[in-house]
Amino acid sequence: MPDCPYCEHSFADESDIRKHLYEDHEYDELSRIDTKRVDQYIDDHDLGESEDDDTRDQQVMDETIRIDSSADRHSDERWELHDVQALSTTEITDTLAEHGIVTTEESFRDRAAEIDSAMALADQWEDDHDVEASGYDRDFIWMAAEVLWKRWAPDLPNRERIYELVQEGRELRENGNDAEACQRWLTAWEVIVAVTPDQITTIEAADDHLPNVLSLEAFLRSVDSDLATLAADDPAYHEHRLEFCREVCKQFPDASDEILLDFRHFVADSLTELGRKADSKRELKALIRDYPEDPWAYKKLADSYWLGGPDELTVREMERTVKLYQQALDAKGSLERPSTVSDRLDDLERRLADVDTSETQER
3 MPDCPYCEHS FADESDIRKH LYEDHEYDEL SRIDTKRVDQ YIDDHDLGES
53 EDDDTRDQQV MDETIRIDSS ADRHSDERWE LHDVQALSTT EITDTLAEHG
103 IVTTEESFRD RAAEIDSAMA LADQWEDDHD VEASGYDRDF IWMAAEVLWK
153 RWAPDLPNRE RIYELVQEGR ELRENGNDAE ACQRWLTAWE VIVAVTPDQI
203 TTIEAADDHL PNVLSLEAFL RSVDSDLATL AADDPAYHEH RLEFCREVCK
253 QFPDASDEIL LDFRHFVADS LTELGRKADS KRELKALIRD YPEDPWAYKK
303 LADSYWLGGP DELTVREMER TVKLYQQALD AKGSLERPST VSDRLDDLER
353 RLADVDTSET QER
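Residues 3 to 365, numbered by my numbering, are exactly what the sequence shown covers, in order.
Some clues are possibly wrong.
[Said to hold, decoys possible] For lysine-lysine, the following DSS-like pairs were computed, each having C-alpha atoms within a straight-line distance of at most 30 Å:
{"hint": "1", "residue 1": "K287", "residue 2": "K252"}
{"hint": "2", "residue 1": "K325", "residue 2": "K283"}
{"hint": "3", "residue 1": "K152", "residue 2": "K21"}
{"hint": "4", "residue 1": "K325", "residue 2": "K287"}
{"hint": "5", "residue 1": "K283", "residue 2": "K252"}
{"hint": "6", "residue 1": "K252", "residue 2": "K334"}
[Stated by the list, open to error] Distance ranges between label pairs, derived from CB positions:
{"hint": "7", "residue 1": "F13", "residue 2": "V104", "range": "27 to 37 Å"}
{"hint": "8", "residue 1": "E351", "residue 2": "E176", "range": "48 to 58 Å"}
{"hint": "9", "residue 1": "E192", "residue 2": "G277", "range": "49 to 59 Å"}
In short, the hints are calculated from the structure, not lab data.
For clarity, every value in this text was computed on a predicted model and none was experimentally measured.
All residues carry an ideal CB built from backbone N, CA and C; glycine is no exception.
Produce the entire structure from the sequences given, and follow the hints as far as they go.
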């Protein structure tokens, strides 16, 4: 079922879209493939001499003169991706054959299984078949590789898909579909993991490997932020956030301390929100072990006792919490609103003093 790339209408067959393009769109705004569709419609219906179509005939003539007078024929035969998408698979492979590239679904999948990019596959074609293509014909080759990948190997990830998913997510968010947008970005993350070689263990190295249209660190932080926002209304997203942040740390174990520290904190926060307090405390203790100058792990671990209700704390738990709050204040890292920590510390110390006084009076 062909689709119109200009107004997104769908049509039952090729003759319907030809009629639509002829009647509803300006000839000089059409792509190469679609002008041929209109030309075919005109020929099929003997419309070339109709007085009602004088303007369109003049447009056809102007286009012909423009192409014929061009010094570089390729400059006026630009391929757009939707041109190639509009072709049948046979038309694509026949055009590739004209450039000396013979491919089948089986051979295509064999190549795709060994690489992670349609552009790289197109480069392989050109090298292996000694292709001598220039100008827009070279564009056709990589566009053909991308379109055939979707038709013949949709189960195999490629780098080009990342950008598509990110863009789809942006469009969905602009239309207010935040949950669907986030799902697109999580799918993009799955593709990133799939196409990133195991030997790449830092975000900087991954950035060099992935399409340069994406800043990976900014993307990862944006996905985490969106997951946290969605979780405020739907707690199920805490689980998605937990899984995502753990995967980031696992995928890039040699990332900067700033990245690892932040995402491990996000893991601890998600565990807390999910009610998995023991797991959260273990994560915070691991953070203190690995990053002793980070004040936030001390504070959050102390809060896990304090927020459970200071009146319910045993003397030993109060002493442990006092120590943690003091360590948070003494750590070299910056701590937002340290006065809150100081106030809680003072309250706990008063409670401990009251316990000591009570025990002394009892004796």
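Hint-by-hint comparison with the structure:
no., hint, result
1, K287 x K252, "19 Å, holds"
2, K325 x K283, "15 Å, holds"
3, K152 x K21, "28 Å, holds"
4, K325 x K287, "14 Å, holds"
5, K283 x K252, "20 Å, holds"
6, K252 x K334, "27 Å, holds"
7, F13 x V104: 27 to 37 Å, "32 Å, holds"
8, E351 x E176: 48 to 58 Å, "52 Å, holds"
9, E192 x G277: 49 to 59 Å, "27 Å, violated"
When each numbered hint is compared with the structure, a violation occurs for hint 9 only.
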